[in-house]
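Got chain Y; can you put chain G on it based on the hints?
Those sequence lines, one after another, are chains Y and G.
Per my numbering: the first sequence = residues 1 to 65.
Per my numbering: the second sequence = residues 1001 to 1460.
What the hints contain is simulated information worked out from the structure, not anything from laboratory work.
Wrong hints could be hidden among the right ones.
[As the list claims (entries may be wrong)] Simulated restraints, written as ranges between beta carbons of each label pair:
1) G32(Y) with G1090(G): 19 to 27 Å
2) R1075(G) with D45(Y): 20 to 28 Å
3) L63(Y) with Y1129(G): 22 to 30 Å
Beta carbons: idealized from backbone N, C-alpha and C, even for Gly.
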Amino acid sequence: MSAINVRELTPGTSIVLADGAEAEIVTNPGDGMWLFARYLSSPRDPTLVGQEEMIFAPDVVALRR
Amino acid sequence: MAMNDKRGYRSGLVDLRAGEVSREIFVNEHIYAEEQERIFARAWLHVGHESQIPRPGDYFVSSMGEESVILCRDRTDKIHVFLNSCRHRGMKVCRYDQGSTPVFTCPYHGWSYGTDGRLVGVPYFREAYHSRLDKEKWGLVEVAQMHNYKGSIWATWDAAAPGFTEYLGDFTRYLDLQLDGWDGREGQAEVLGGIQKWLVPCNWKFPAENFSGDTYHNISHRSVDLAGIGPSGAGRRDMGERDVSRKLHVCIPDRGHQTIHYVLPAGQLPPPAYQNAPIVAEYFRHCEEEKRRRRGEEARLVGAPGEIFPNTALLSRQPRTMAVWHPRSAHQTECWRWFFVDREAPTEVKHFLRDYYIRYSGPAGMTEQDDMENWNYAHAASRGTIARRYPYNYDQGSGTAVTDYEYQGLRVPGEVIDLTETQSSEQPMRNFYRRWAEFMEADDWSRLATWRGSERKAAE
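Isolated chain G (complex conformation):
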C-alpha cells in the first residue's frame, strides 16, 4: 500500500506550505482506523438536541464516531449519553431510533439498565451470581464529558479534553446563530420533525471540508439555481444580504472550526426575504428588528455554512440545519441532518420552512444531491494505486488571510479572508486539515490545546 509511514502527518500527508493534501488521508484504511482513536475518541462531537428527548425516559440513539450511543433523559430529568453496548457481552441494549422507556434491556442475556445507566436487572442474580456481582461497577459506559449548549448536546470520550466552550473558542457566536431564536433570544431553536439519515460512499472528510466553506463548488449547483428552488422561487436561497454585505471566510486557528459569513453594513437590516409567503416574510422581518434591538451590532452577522471540527456542519440560514458526518469506513459516511425552527414560530412558518428545507437538503434535497454526487465520484476516483500518488491542491488564497478583521466597527476574530471580491479561498480547508494533522500527531491535550500557551503569554 502506497502510504507515508513516517511519523508526522503534517509534513508527510498535509503539506500546508505547498498547499497539498495527500489522497491517502481519504482512502487509506490504516489512517481511517487511526482517526477513530486520535480524533473521534478525543474531540467534542454533536450527539443531538434536548428537544428530541423532552420527557423523563425519552431517548434518541445517536453515534459518536463509529460508536452507537444513547442520548437519554433519566427519571430525575438529567440528560446522559451512554455507549449503546451491554457490559455483559456487548449487544446493543437499544435497537430503536428513539422512544421512551424505563429501562434498556439487553435482548441477549437480559441485563437491564436504568435510564441513569445503572445496572438494575441481572437474570438469576441471587441464584447464578450468588448476589455477589457488583452492579455499581457494571453500569452502562457513560461519556467522559457532556455539555448542553443552548439545547444542543455535545460529548467527548476524553476526560482530559478542554470544556466545550473552550473547545469552541471564538466560534461560539456562529453556533449561537444556529441555536438562538431568530429574534435574538437565547436558545429558542427546536428540532423540526425527524432526522434525515443516509449513506454516501465517500470518506467523512469530503462533506466536512465542503461545509467548512467551499464556495468554489457553487458551479455544481447551477441546475438548482436555474430551477429556482429558493423560498421565493428564484435561486437557491433568498439572500439579499449577498448584495450589500462583506462576504468572509472566518477560521479559528488552533481549533479547526471555520465558516462562511456575511457582515451587514452598520445600521442595515437584511433585505426582505420570503416575499412569496407574506406570513413568513412578516415573521422574519419582525424577528430581524427584534434581533437588532436585543443584540445591537452583533445582529449584523448573518450565518452561512460552517464546520465545527471534526464532523459537525452548521447552516444557520436557509435552510437552518445541522449535519453530522458519521464515519462508517474509510469509504463510507452516514450523514445525519437535523432541521431547526424557532419553537415559538407560527405553525404556518414551520410548515413553509419544512417544505423548503427538504426541497434543499438531505437525500431528497436537490442541492445536497449535487454535493453527494461530487463526494461520491471524487472518492471513487481517488482510490486507485495511481490516483493516490497525486495530492489534491489546496493552494487557493494562501497567505492572504488577515487576523482581527474589522468592518465598520464590528470586529471578527480569527483568520479572515474577505471574499467580497475574490469570491473564493481555501483557507477554511487549510484550517481544517491543519487541525486534523494536529489531532493525528499530538499524543495529549498539552499539545492539542495550543491556545493555552498563547493565552498564558498574553496574560503575562
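Just chain Y, same shape as in the assembly:
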C-alpha cells in the first residue's frame, strides 16, 4: 500500500485508520505528520466515537470517498 500524503488532506475528509476506525479530519496543521480528527467509528474502542484526537500519519491507511 502506498503511503498517503496527509499534508494534502483537507478538513471534512474521512479517513480509515490502521485499527479499522474511521475519523473525519477537523484540522490539518500541515506538518505532514499529524491530523486533528473526530472519530466516526472505532471497533477497538467504541468510547472514542465523537472524540477529537491527533492522528499520526502512518496510522492513516485509506481515504473514505
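Then chain G, alone, in the frame of chain Y:
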C-alpha cells in the same frame, strides 16, 4: 592560554580604578562559556515584539543567548516563550523564522506540542508507551519569567531574577521613548517589516559597548556624514536638538544600563526635522506638540543610542530601532535589528522612514557598516598571544560623573556626565563592564540586586 585564573573578574580582568579591561574577556573561549551560564541564563533578554505575533497561533523564532526560543501566541491569546527543542531528543520543533501554526511538530520522531507548550501528540502513545507517558511533565520548556513591556517581550531563564521593571530601574523612561508613540501616547510602536539578521566576526560585547554610548568613534562615520545620508540630505540625522540641548551620558549604576541623551531647554520643542519631506515633517511637528501636551517636562528628553544590559541596544530617534547582539561564539555575534514606527502614522511616513532606516542601519546600512568594520578588525587584532597581554583603555572621563543631575528643573537620575563641552566619556562602558563583572562574580541575586540594600537603608 594566557588567562587570569583567579576568582574575581573585577580585580583580575576589569580594573575600573585603572580604567583597564583585559582583552581576554573578548577573546577567551572559557570566559565566553562562563558568560552563557552567568549572564545569559540569568539576565532579562529581549525576545521580540507583540506586533510580530498578532493572531492566535502566530510565532516568531528568536534567541536568548545561544538558545533558540519560540515566541508564540496560544489559542487563548496568551503569549509564551519556549525553548525550541523537543523534550524527546532535542531536535528543533520549529525551523522557520516565523509563521502561524496550531502545533509545533518535531520532525525527528514526531512529538507534537500545542502553542501553549503542552505535549499533545506522541506517536504510538497507546502501543509503545502503553498510555503511561506523563504528557504534562514533558511539555516544551518555558522561560522562568516573561514580561510584556508596552508590546516588547522580554524573558529570563532565572526564576529568582527580579521583575523586569525592577531590573530596568530608572532606565524605563529611555525604553519608553522607544516604545511609546511619538505623540506621547503609551505603547504605540509597531515593528516595521522584517527583522534584519547578520553575522559579524567579533565578540558580542563590541557592539554592546558601542551602543552603550560611544560618541568617541564618530570620526569613523565621517564618510556618511560627508555623503549626507540623513533624512534631509545632510549628515547622518536631522538633529537640530544637538545645537540647543545638553548632551549627556546617563548610566544607571547597579543595573548596567546606559545611554546617550539630550535634554532640551525648558519650554523648547525640538527644532524642525525631515524638512525635505513635508508630510513627514508635519507629522513629527504635530507629534512633538502633542507629546509636550501629554508629557509636560518629560517631553524635553530626546533619545539616542543606549544599551540595556547585557545585549539589547536602543535607538529611539533616527533611525528608531532596537538591536540584540546574540552571542554565537567568543568570536562571532549574530546581530538582529528591529525597526519601529508609530502604528497609526500615515503610510507615507512609514515608507519614508523605512527607506531612511535601511540606508542607515543593518548589514546594508551605511553607518552600521562602519561599525561592523571596526568591531571585526578590533576583535581579530586582539586574539593573538601578544595582543591579549595588553588591556584596553577605558579611562576617559574617570571620576567626573555626577549623581542626580538636573537641567532647568528636569532631574536626570543616575550617574551623569555632561558631554555638551567634553564631547565624550567612557563612563557608559565602565558602567557596562562593572555590571558584567558583577554578573560573572555573583552566585545569586542577593549579591546581584545590590540596589535592594540601598533602598532598604533609605526606607529606614
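These are the hints, each one checked on the structure:
Our hint of 19 to 27 Å for G32(Y) and G1090(G) holds, since their Cβ atoms are close to 20 Å apart. In this structure the hint that R1075(G) and D45(Y) lie 20 to 28 Å apart at CB holds, the actual value being about 27 Å. Under the hint 22 to 30 Å, the C-beta atoms of L63(Y) and Y1129(G), about 28 Å apart, fit the expected range.
Of the numbered hints stated above, none is contradicted by the structure.
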